[in-house]
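2 protein chains.
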Amino acid sequence: MTDKREVFASPPGGLSFSEALGMTADEVNSLLRSAPAVIRPQTSHLAAASGKGIRARALLTCALREGGLIDPAAVKAAAAVEILHLATLVHDDIIDKAKKRRGIAALHTRFGEKSAVLCGDYLFCIALQLAAAVPDVKDRAENYDETLPGYLTAICLGEIRENKNNRNYNMSEREYFKIISGKTAALFEASFHLGFLLSGEPENKKSAYLELGRSVGMIFQLADDCSDYESTRKRSGKPVLSDYKNGIVTLPLIRAMKNDTSLRERVKQGIAARELKAAVKAAGGLEYAHGKIYGYYAGAEKLIAALDLPPEKKDRLEALLQTASGLPAEGTAGSETGRETDELHE
Amino acid sequence: MTDKREVFASPPGGLSFSEALGMTADEVNSLLRSAPAVIRPQTSHLAAASGKGIRARALLTCALREGGLIDPAAVKAAAAVEILHLATLVHDDIIDKAKKRRGIAALHTRFGEKSAVLCGDYLFCIALQLAAAVPDVKDRAENYDETLPGYLTAICLGEIRENKNNRNYNMSEREYFKIISGKTAALFEASFHLGFLLSGEPENKKSAYLELGRSVGMIFQLADDCSDYESTRKRSGKPVLSDYKNGIVTLPLIRAMKNDTSLRERVKQGIAARELKAAVKAAGGLEYAHGKIYGYYAGAEKLIAALDLPPEKKDRLEALLQTASGLPAEGTAGSETGRETDELHE
Numbered sequence: 098m099t100d101k102r103e104v105f106a107s108p109p110g111g112l113s114f115s116e117a118l119g120m121t122a123d124e125v126n127s128l129l130r131s132a133p134a135v136i137r138p139q140t141s142h143l144a145a146a147s148g149k150g151i152r153a154r155a156l157l158t159c160a161l162r163e164g165g166l167i168d169p170a171a172v173k174a175a176a177a178v179e180i181l182h183l184a185t186l187v188h189d190d191i192i193d194k195a196k197k198r199r200g201i202a203a204l205h206t207r208f209g210e211k212s213a214v215l216c217g218d219y220l221f222c223i224a225l226q227l228a229a230a231v232p233d234v235k236d237r238a239e240n241y242d243e244t245l246p247g248y249l250t251a252i253c254l255g256e257i258r259e260n261k262n263n264r265n266y267n268m269s270e271r272e273y274f275k276i277i278s279g280k281t282a283a284l285f286e287a288s289f290h291l292g293f294l295l296s297g298e299p300e301n302k303k304s305a306y307l308e309l310g311r312s313v314g315m316i317f318q319l320a321d322d323c324s325d326y327e328s329t330r331k332r333s334g335k336p337v338l339s340d341y342k343n344g345i346v347t348l349p350l351i352r353a354m355k356n357d358t359s360l361r362e363r364v365k366q367g368i369a370a371r372e373l374k375a376a377v378k379a380a381g382g383l384e385y386a387h388g389k390i391y392g393y394y395a396g397a398e399k400l401i402a403a404l405d406l407p408p409e410k411k412d413r414l415e416a417l418l419q420t421a422s423g424l425p426a427e428g429t430a431g432s433e434t435g436r437e438t439d440e441l442h443e
Numbered sequence: 098m099t100d101k102r103e104v105f106a107s108p109p110g111g112l113s114f115s116e117a118l119g120m121t122a123d124e125v126n127s128l129l130r131s132a133p134a135v136i137r138p139q140t141s142h143l144a145a146a147s148g149k150g151i152r153a154r155a156l157l158t159c160a161l162r163e164g165g166l167i168d169p170a171a172v173k174a175a176a177a178v179e180i181l182h183l184a185t186l187v188h189d190d191i192i193d194k195a196k197k198r199r200g201i202a203a204l205h206t207r208f209g210e211k212s213a214v215l216c217g218d219y220l221f222c223i224a225l226q227l228a229a230a231v232p233d234v235k236d237r238a239e240n241y242d243e244t245l246p247g248y249l250t251a252i253c254l255g256e257i258r259e260n261k262n263n264r265n266y267n268m269s270e271r272e273y274f275k276i277i278s279g280k281t282a283a284l285f286e287a288s289f290h291l292g293f294l295l296s297g298e299p300e301n302k303k304s305a306y307l308e309l310g311r312s313v314g315m316i317f318q319l320a321d322d323c324s325d326y327e328s329t330r331k332r333s334g335k336p337v338l339s340d341y342k343n344g345i346v347t348l349p350l351i352r353a354m355k356n357d358t359s360l361r362e363r364v365k366q367g368i369a370a371r372e373l374k375a376a377v378k379a380a381g382g383l384e385y386a387h388g389k390i391y392g393y394y395a396g397a398e399k400l401i402a403a404l405d406l407p408p409e410k411k412d413r414l415e416a417l418l419q420t421a422s423g424l425p426a427e428g429t430a431g432s433e434t435g436r437e438t439d440e441l442h443e
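Just so you know, the protein sequences line up as chains A and B, in that order.
Count the first sequence with the numbering used here and you get residues 98 to 443, in order.
Count the second sequence with the numbering used here and you get residues 98 to 443, in order.
Honestly, the hints are just simulated from the structure, not real lab data.
A portion of the hints provided could be inaccurate.
Treat identical chains as interchangeable: a pair holds within one or across any two.
As the list claims (entries may be wrong) - With a straight-line cut-off of 27 Å between C-alpha atoms, the simulated DSS-like cross-links for lysine-lysine are: (1) Lys197 / Lys211; (2) Lys211 / Lys365; (3) Lys211 / Lys389; (4) Lys194 / Lys211; (5) Lys411 / Lys261; (6) Lys411 / Lys211; (7) Lys194 / Lys389; (8) Lys399 / Lys194; (9) Lys411 / Lys399.
Work out the full structure, taking the sequences as your base and the hints as a guide.
Now the structure itself:
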């Protein structure tokens, strides 16, 4: 008689991508809904609307092992990354005085600012606790402890830099890239890093994973910043020009003001939303930002190709890249696995 | 010829307590003064006024090894604990709308609330980064990663609980103890825990160190809460009744309102500061809180005795206990080492 344990010995247990993604959503949801009573009204409110889960997807994709299965520990790591992200959103919304988030009332509008600051702090703490409890990562990476806090510092400095440059219409492109590299790309890189550590991939592939993570993050933020000037409603669920109205200066505007020198003065004096959108487009601001996206995209494609991955992992990384860039995903994940639905995806 | 390395092999290097304390102050100062330019105005402002450094003292005292020397890694851990504490003060002062801290302007009054929230977040991140870089702790404690974030969550929940009970004059004594156990005692316990891990002491002494740390923290907060109703200026540098004025309900008042049933109504309707101080004292609120301090103090004395420590370590723990309880230290640290002056002590 066959010993079941032997049959499943290699890889030793493991989850399919869809299973891991579903379990991550459950883990996040359960952490929010079962928080201590004193903070549960706030965390339950947050549980009512879920995000896209792109950081969890990134981590789980990178964690795919040779046989197409994922170490169950990756679920905790992915949930940690999503909760960290949620913590930054809660604090961001206070700073930006945003009224809505993910289609429902922003936390501070419902519970007050004090309460929201503290809830953000709480989410930050439980995310760290969760990440610290991932045994495989701790065992493998001799510098794991240094990396996650290091990424958090980078994110924080990005937020500080953005806040400092609020309504700074003379901001340089260089400063913009410093900001998004911190506030967004650092957490994507962390997600790729954690996924890589759980993947069993050899050490010599690490730097490619980190660079890929950073690129996906840059693409994600650039695409989001473009959508502020493009669509009728941003994919984040926020209305168009919401960043602009909050004084957040992004690449399409920076470039447009460089190309059209009169625009800077008109912006400083106050300009109507429709006029601004048209001017940014006409002055080539969007085109320029899209060019940057394509640059990162092409670099990422090369990195993926060079990683020499099994088809599912490669396809999923490609799909992630497409999602980040705002392109509709083309079912590249392969017919075997299909495009799973998941609660994290809104 | 004697090989120098052999002579100093046991303990392998190491710092005296005074050296370690001075280096901790330098480390904190240097981290604040050399922060990235984008946040340096804020961190430099904080560097201009130092605290008592009691948490650093606690950690370094617990880290004293058999031969009276301290692992240099303890300096980083002690600096991390002090910076974490500073991070909580920055956020606290926003929430309490405090105008002063450590004798100078509170950060948010000088730089605005957004900036202060972000600076607190930044300090939190660099403290974690610093703590994570302590190699000996990481090697020794298989659950280190779980403990520090666990303590942080406890601190955060204490703050949340306190905020929720703001101006709740029906708050129970039990709720009060839950609050201070989180907001204050957790970081003291963490300091004792980290110090213990670096001390080379056997595992079977761990629980005594943790309980001692928690007791010192409870004593520290109880004494601070008493001083709000006692002295003309609190040892924290804040004016008397400042907690009360911020709606923070503490044990002397809780007990006084229980003993003097008319006081609760008078408090709810608004009562003059002098009258309140007299009433809390007359109704036995201060006496009761001091009784609680003595209870923890006696328990801590027993724990120290049972730990069976070398004289310097024992004396320093006793001195710490006295400092926490607000009693003047009696030079118990021994004539050999004396009472060192240090920059952290204000």
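Hints, verified against the model:
Taking the closest pair of Cα atoms, Lys197 and Lys211 come within 27 Å of each other both inside a single copy (17 Å) and across two copies (19 Å). For the identical chains of this complex, Lys211 and Lys365 are inter-copy neighbours only, at 23 Å across copies versus 32 Å inside a copy, given an alpha-carbon limit of 27 Å. Taking the shortest alpha-carbon separations for Lys211 and Lys389, neither the intra-copy value of 39 Å nor the inter-copy value of 31 Å comes in at or below 27 Å. Proximity of Lys194 and Lys211 under a CA criterion of 27 Å is satisfied in both settings, with 13 Å inside one chain copy and 11 Å between copies.
Taking the closest pair of Cα atoms, Lys411 and Lys261 never come within 27 Å of each other, the shortest separation being 39 Å inside a single copy and 49 Å across copies. When the C-alpha separation of Lys411 and Lys211 is checked against a cutoff of 27 Å, the pair qualifies neither within a copy, at 44 Å, nor between copies, at 42 Å. Within a single copy, Lys194 and Lys389 get their C-alpha atoms no closer than 29 Å, and across copies no closer than 44 Å, so neither meets the 27 Å cut-off. Within a single copy, Lys399 and Lys194 get their C-alpha atoms no closer than 40 Å, and across copies no closer than 53 Å, so neither meets the 27 Å cut-off.
Only within a single protomer do Lys411 and Lys399 lie at most 27 Å apart by alpha-carbon distance; the minimum there is 12 Å, versus 62 Å between protomers.
Hints 3, 5, 6, 7, 8, counting from the list given before, are not met by this structure.
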